[in-house]
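J.: Model the full assembly from the supplied sequences, consistent with the hints where possible.
Heads up, the final residue of the sequence shown is numbered 711 in this note's numbering, and it's a clean run with no missing numbers.
Treat each hint with caution, since some may be false.
[As the list claims (entries may be wrong)] Cβ-Cβ distance ranges computed for the label pairs, FRET-style:
no., residue 1, residue 2, range
1, 508, 541, 15 to 25 Å
2, 605, 513, 54 to 64 Å
3, 505, 485, 12 to 22 Å
If you're looking for bench data, these hints aren't it; they were derived computationally from the structure. Only a predicted model underlies this, so the values are computations on that prediction, with no experimental measurement involved. Quick reminder that beta carbons are idealized off the backbone N, C-alpha and C, glycines included.
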Amino acid sequence: MSAPRAEISLVPRPSRYSPRPGHFPLDRHTTVRAAPGAEDAAHLLRMLLAPATGLKLRPSATGAFVLALDPQLTGLGAEGYGLTISPNGVLLRAARPDGLLRGIQTIRQLLPPEALSATPRRGITWQLPCAEITDVPRHSWRGVMLDVARHFQPASYVRHYVDLLAFHKLNVLQLHLTDDQGWRMPVAAYPKLTEVGGHRARSMVGPAGSTTYDGVPHGGSYTRDELAGIVAYAAERGVTVVPEIEMPGHVRSALAAYPALGNDPDRALDVWTEWGVCDTTLGVHDAALDFCRTVLDEVMDVFPSPYVHIGGDECPTGEWERSPSAQERMATERLAGTKELHGWFMGRIGEHLLARGRSPVGWAETGTELPPGFTVMTWRDPAHGRAAARRGHQVVMAHYLATYLDYAQSADPGEPPGQPGAVVDLRAVHAHDPAPNDWDPGEAAQILGAQAQLWTEFVPGPEQIEYQSFPRLCALADRSWTGETSWSRDFLPRLHVHTARLDALGVHHRPLIPSRLNRYATTPTAPPRQSRRGCTQAQPPQ
Numbered sequence: 170m171s172a173p174r175a176e177i178s179l180v181p182r183p184s185r186y187s188p189r190p191g192h193f194p195l196d197r198h199t200t201v202r203a204a205p206g207a208e209d210a211a212h213l214l215r216m217l218l219a220p221a222t223g224l225k226l227r228p229s230a231t232g233a234f235v236l237a238l239d240p241q242l243t244g245l246g247a248e249g250y251g252l253t254i255s256p257n258g259v260l261l262r263a264a265r266p267d268g269l270l271r272g273i274q275t276i277r278q279l280l281p282p283e284a285l286s287a288t289p290r291r292g293i294t295w296q297l298p299c300a301e302i303t304d305v306p307r308h309s310w311r312g313v314m315l316d317v318a319r320h321f322q323p324a325s326y327v328r329h330y331v332d333l334l335a336f337h338k339l340n341v342l343q344l345h346l347t348d349d350q351g352w353r354m355p356v357a358a359y360p361k362l363t364e365v366g367g368h369r370a371r372s373m374v375g376p377a378g379s380t381t382y383d384g385v386p387h388g389g390s391y392t393r394d395e396l397a398g399i400v401a402y403a404a405e406r407g408v409t410v411v412p413e414i415e416m417p418g419h420v421r422s423a424l425a426a427y428p429a430l431g432n433d434p435d436r437a438l439d440v441w442t443e444w445g446v447c448d449t450t451l452g453v454h455d456a457a458l459d460f461c462r463t464v465l466d467e468v469m470d471v472f473p474s475p476y477v478h479i480g481g482d483e484c485p486t487g488e489w490e491r492s493p494s495a496q497e498r499m500a501t502e503r504l505a506g507t508k509e510l511h512g513w514f515m516g517r518i519g520e521h522l523l524a525r526g527r528s529p530v531g532w533a534e535t536g537t538e539l540p541p542g543f544t545v546m547t548w549r550d551p552a553h554g555r556a557a558a559r560r561g562h563q564v565v566m567a568h569y570l571a572t573y574l575d576y577a578q579s580a581d582p583g584e585p586p587g588q589p590g591a592v593v594d595l596r597a598v599h600a601h602d603p604a605p606n607d608w609d610p611g612e613a614a615q616i617l618g619a620q621a622q623l624w625t626e627f628v629p630g631p632e633q634i635e636y637q638s639f640p641r642l643c644a645l646a647d648r649s650w651t652g653e654t655s656w657s658r659d660f661l662p663r664l665h666v667h668t669a670r671l672d673a674l675g676v677h678h679r680p681l682i683p684s685r686l687n688r689y690a691t692t693p694t695a696p697p698r699q700s701r702r703g704c705t706q707a708q709p710p711q
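T.: Next up, the structure:
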């Protein structure tokens, strides 16, 4: 059995692919030569191919399959690679280790899809089509946010999700670790964050504002070792794990554990069982700021990522307006009103991260400008990203109508329940250009890339995660790595071939043919139009 038409099926599409006659066979005699610095990549290659193929790919100083680092290949950048496949050998070269890791994923896609199986496959000829490939990503941030706060996912599944991202050359996993409905990261100084904040009594059924609940307790948290393990596992595959700790809003789970961190220490709170935007916020007093700094110090101990996301979105100001300590803070800092408290708070926490060599990341909303030094993640309107770039921020584009994977993929009633108010179909994701051609070069240079978001109010477990993620993440990966490609003449033909790989990986993906939706369908709901992100309006204000 030979490989599929690899020249039209790689996802994302390489920068340059030149097919050549012939194939390079992989068999029990094939050995791998890893030049200095390429040993870890060679180990990963063996580990990924062994389960299905049974190939040992033993190390050898004379192996015909060569992995090499060459720092002089500066044109390839941090993640680019060159891959030459001839009938007599394979040469994978990169300037940096991450480039070798990207090339390994291309090699996996060039093999027959059965090579991706987790179990042995017999009777298949393992061979690579001869080709010359030079491949460099367009954007350095190609990310996915997974919300494990609303529905906790075990560490084993997070690692599996990392594998799926790496396979598509996505290089950032943002873990949304805390929210009103759950706190998932242990902090030694505040043990009740997970003991109390990690558990809620029930979950709302339906969209925000519903009066129906499931009556099922939900909870869970990671150990420090589990999180460190996820970080290490991802790093081996070239994926950076960016932690997100929400503040000063979306903190009900923390306030349930430690009410004194809020604006009314006598108010008893539970971990929120609803969806939407809770009215509780952290106080702006010294105890709350010290809490945030202590939490983030532990976060930085576990997560070496240069970026730390501190949320910042959907922060109601009602409690601050009624709080004497907040009013005192405004007077001391000479702030004009409670809305300015938000920027002041974010600035103080951002300074703490910057002083420790980390880059703070925050969500940007209508009318909200993050302090200098922040990386801006803009979701409401692409124009907000352009405005942030003009102010000198680095920007990750995450427009909700193109990157929010909790929205339905079509209006078909066979789609599973999702966030109401919009449809984000495959074409919308593929059309999302983080830095459009009509932007000035200086503006475009500030764009790090794009990120998809999977909020999990309607996504309780792995099957639903994968259904909502794929194949839409294929589209995001293609656009953020390759840039503009033809939807109908290029991307779709490649994706139709690529779905065989998703099947071989065991991904519970949405079918490309709508008539097959029924095998995934659950009882559909018809909720009213409602709010979104955590959830504010489904349409940005005009």
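J.: Of the hints stated earlier, which fail here?
T.: 2
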